[in-house]
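Just need the whole structure built from these sequences, with the hints factored in.
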Amino acid sequence: MARIVAGVGTSHVPAVGAALDLGKTAEPYWAPVFAGYEFSKKWIEEIKPDVIILVYNDHASAFSLELIPTFAIGCADEFAPADEGWGPRPVPTVKGAPDLAWHIAQSLVLDEFDMTIVNKMDVDHGLTVPLSLMFGQPEQWPCAVIPLAVNVVQYPPPTGNRCFNLGRAIKKAVESFPEDLKVVVFGTGGMSHQLQGPRAGLINREFDTRFLDNMTKDPKANVALPHIEYLREAGSEGVELVMWLVMRGALSDDVREVYRFYHVPASNTGLGHIILENESA
Amino acid sequence: MADYHDIPGTTVFDAAQSRKGFHLNQFCMSLMKGENREAFKADQRAYVDRFPMTEAQKLSVLNRDWNGMIAQGGNIYFTAKIAATDGLSFQQVAAMMSGVTQSEYAAMMLAGGRSIEGNRSKSEKA
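Chain order of the listed sequences is A and B.
So that you can map any letter, position 171 of the first sequence is 171 in our numbering, and since no number is skipped, the others follow by simple counting.
So that you can map any letter, position 10 of the second sequence is 10 in our numbering, and since no number is skipped, the others follow by simple counting.
Derived by calculation from the structure, the hints in this document are not laboratory data.
Positions of the beta carbon are idealized from the N, C-alpha and C atoms, including for glycine.
Check each hint, because a few of them may be wrong.
[As the list claims (entries may be wrong)] Here are the computed lysine-lysine pairs in the DSS-like style, where the Cα-Cα straight-line distance is at most 25 Å:
#1 A:Lys95 x A:Lys172
#2 A:Lys95 x A:Lys182
#3 A:Lys48 x A:Lys172
#4 A:Lys120 x A:Lys95
#5 B:Lys33 x A:Lys120
#6 A:Lys95 x B:Lys33
[To be verified] Reference excerpt, derived from the structure (chain A facing chain B, CB under 7 Å, subset only):
#7 His59
#8 Ser64
#9 Asp83
#10 Trp86
#11 Val153
#12 Gln154
#13 Gln196
#14 Arg199
#15 Ala200
#16 Leu202
#17 Ile228
#18 Val264
#19 Ser267
#20 Asn268
Okay, here's the thing in structure tokens:
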């Protein structure tokens with residue numbers, strides 16, 4: 001039986017990808033960011049997941065305003081890095097896990113989550129930056145990845161509660177897959193940041209810290225946060241944090257925090273990272 | 001009025017903004033292709049005229065009025081493609097949108113970012 005053993009929350013700041021791609025990781029501005037993931041790279045090398053379910057948002061790369069799926073699951077054999085306006089990132093093509101992805105898609109639909117099934121999709125920094133942070137710069141990504149895209153661009157995104165329940169349904173789907181696979185779920189985006197208008201640059205360390213604390217102490221408090229709270233307290237793009245709740249929902253009720261990292265600034269963003277393991281794992 | 005209209009310096013990309021900005025954002029989307037970026041750079045006015053945008057939308061693009069684009073329905077993830085075409089970083093554009101120099105903006109971020117205090121609501125700010 002397939003099983004989810006752990007969850008990873010991480011920001012997916014595009015400038016972090018650019019810093020890595022342009023060889024700037026040792027610069028004083030970026031060195032602390034990459035140092036913050038040294039533990040995580042060792043951790044995931046030991047865990048050796050077979051599949052990562054990577055919850056992220058597309059930033060007007062695969063989906064324009066022509067089509068805005070609230071939840072989309074990538075079922076293809078592979079996903080190419082997207083050209084976001086300055087050429088595709090020089091990272092490996094992402095290999096999918098179509099057997100498991102299709103199984104999850106079917107299970108979710110029958111569980112009343114009306115997923116959009118995607119058979120061809122380029123993946124942008126939202127998906128590739130977390131892989132780079134956790135795996136560095138390998139020739140090939142060391143495991144398969146199922147992209148799960150959540151709309152957080154067109155307001156309103158799904159509620160935190162809906163995201164958490166989707167995570168619950170993903171857990172059920174994975175556990176009903178007969179193959180013996182080790183799965184890690186990534187929830188990405190955030191933390192506090194605002195990229196637009198006169199309030200650009202907003203960072204709310206207190207909000208971010210409380211959100212990280214409550215991933216273990218009181219997940220229901222995070223799940224109950226209304227959109228206005230994210231928009232007001234964590235900035236207009238801080239609402240991306242609902243995607244971390246898909247990851248939290250996919251884990252057991254009892255999890256232990258294995259690692260945490262928080263750093264300001266990474267470009268315009270409060271960069272947050274957490275690793276959670278199921279207590280039973 | 002929605003609750004989020006009370007947040008200062010912030011335009012939430014809701015249905016009204018999305019409908020207003022559809023063609024502006026579709027223009028931005030076209031800049032995902034290298035050949036279109038070249039055509040835009042070669043003759044910006046001719047290129048924006050290919051899209052059924054309002055004149056105000058076109059001018060906001062040609063003048064790189066970043067806040068103006070947002071007011072006209074532009075979404076930052078779309079307008080960022082113009083910035084990428086211009087070779088500008090997100091942080092440079094953020095500085096322009098918040099009305100400070102890039103070095104002032106960078107210094108603010110290094111000092112922990114824009115504080116939430118006084119920035120929660122328009123009533124608090126007034």
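Verification of the supplied hints:
Between Lys95 (chain A) and Lys172 (chain A), the direct Cα distance comes to roughly 23 Å. Compliance with the 25 Å bound is thereby established for this hinted pair. Between Lys95 (chain A) and Lys182 (chain A) the CA atoms are separated by roughly 16 Å; this keeps the pair inside 25 Å, and the hint holds. For a cut-off of 25 Å, the pair hint linking Lys48 (chain A) to Lys172 (chain A) stands: about 21 Å separates their Cα positions. Distance check on the hinted pair: Lys120 (chain A) and Lys95 (chain A) sit about 12 Å apart at the alpha-carbon level, within 25 Å; holds.
For the given pair, Lys33 (chain B) sits about 18 Å from Lys120 (chain A) by alpha-carbon distance, which is consistent with the 25 Å threshold. Note on Lys95 (chain A) and Lys33 (chain B): the hinted pairing holds, with a Cα-Cα distance of about 24 Å set against a maximum of 25 Å. The closest approach between the C-beta of His59 (chain A) and any C-beta of chain B is roughly 4 Å, which is under the 7 Å cut-off, so the hint is satisfied. A least Cβ separation of about 5 Å between Ser64 (chain A) and chain B falls short of the 7 Å threshold, and the interface hint therefore holds.
Checking Asp83 (chain A) against chain B by beta carbon gives a least distance of about 6 Å; that is within 7 Å, so the hint holds. Nearest Cβ of chain B to the Cβ of Trp86 (chain A): about 5 Å, under the 7 Å cut. The hint holds. For Val153 (chain A), the suggested interface contact is upheld, since its CB lies about 6 Å from the closest CB of chain B, less than 7 Å. Nearest Cβ of chain B to the Cβ of Gln154 (chain A): about 6 Å, under the 7 Å cut. The hint holds.
Restraint check, Gln196 (chain A) versus chain B: the minimum CB separation of about 4 Å is within 7 Å; hint holds. Nearest Cβ of chain B to the Cβ of Arg199 (chain A): about 3 Å, under the 7 Å cut. The hint holds. Hint status for Ala200 (chain A) relative to chain B: holds, with the closest Cβ pair at about 4 Å, below 7 Å. Given hint, Leu202 (chain A) at the interface with chain B, holds; its Cβ is 5 Å from that chain's nearest Cβ, closer than 7 Å.
At about 5 Å, the closest approach between the beta carbon of Ile228 (chain A) and any beta carbon in chain B falls short of 7 Å, and the interface hint on this residue holds. Proximity of Val264 (chain A) to chain B holds as hinted, the smallest CB-CB distance being about 6 Å (cut-off 7 Å). Of the supplied interface hints, the one on Ser267 (chain A) holds, with its beta-carbon coming within about 6 Å of a beta-carbon of chain B, less than 7 Å. At a threshold of 7 Å, the smallest CB-CB gap from Asn268 (chain A) to chain B is about 5 Å, leaving the interface hint in force.
No hint from the list above goes unmet by this structure.
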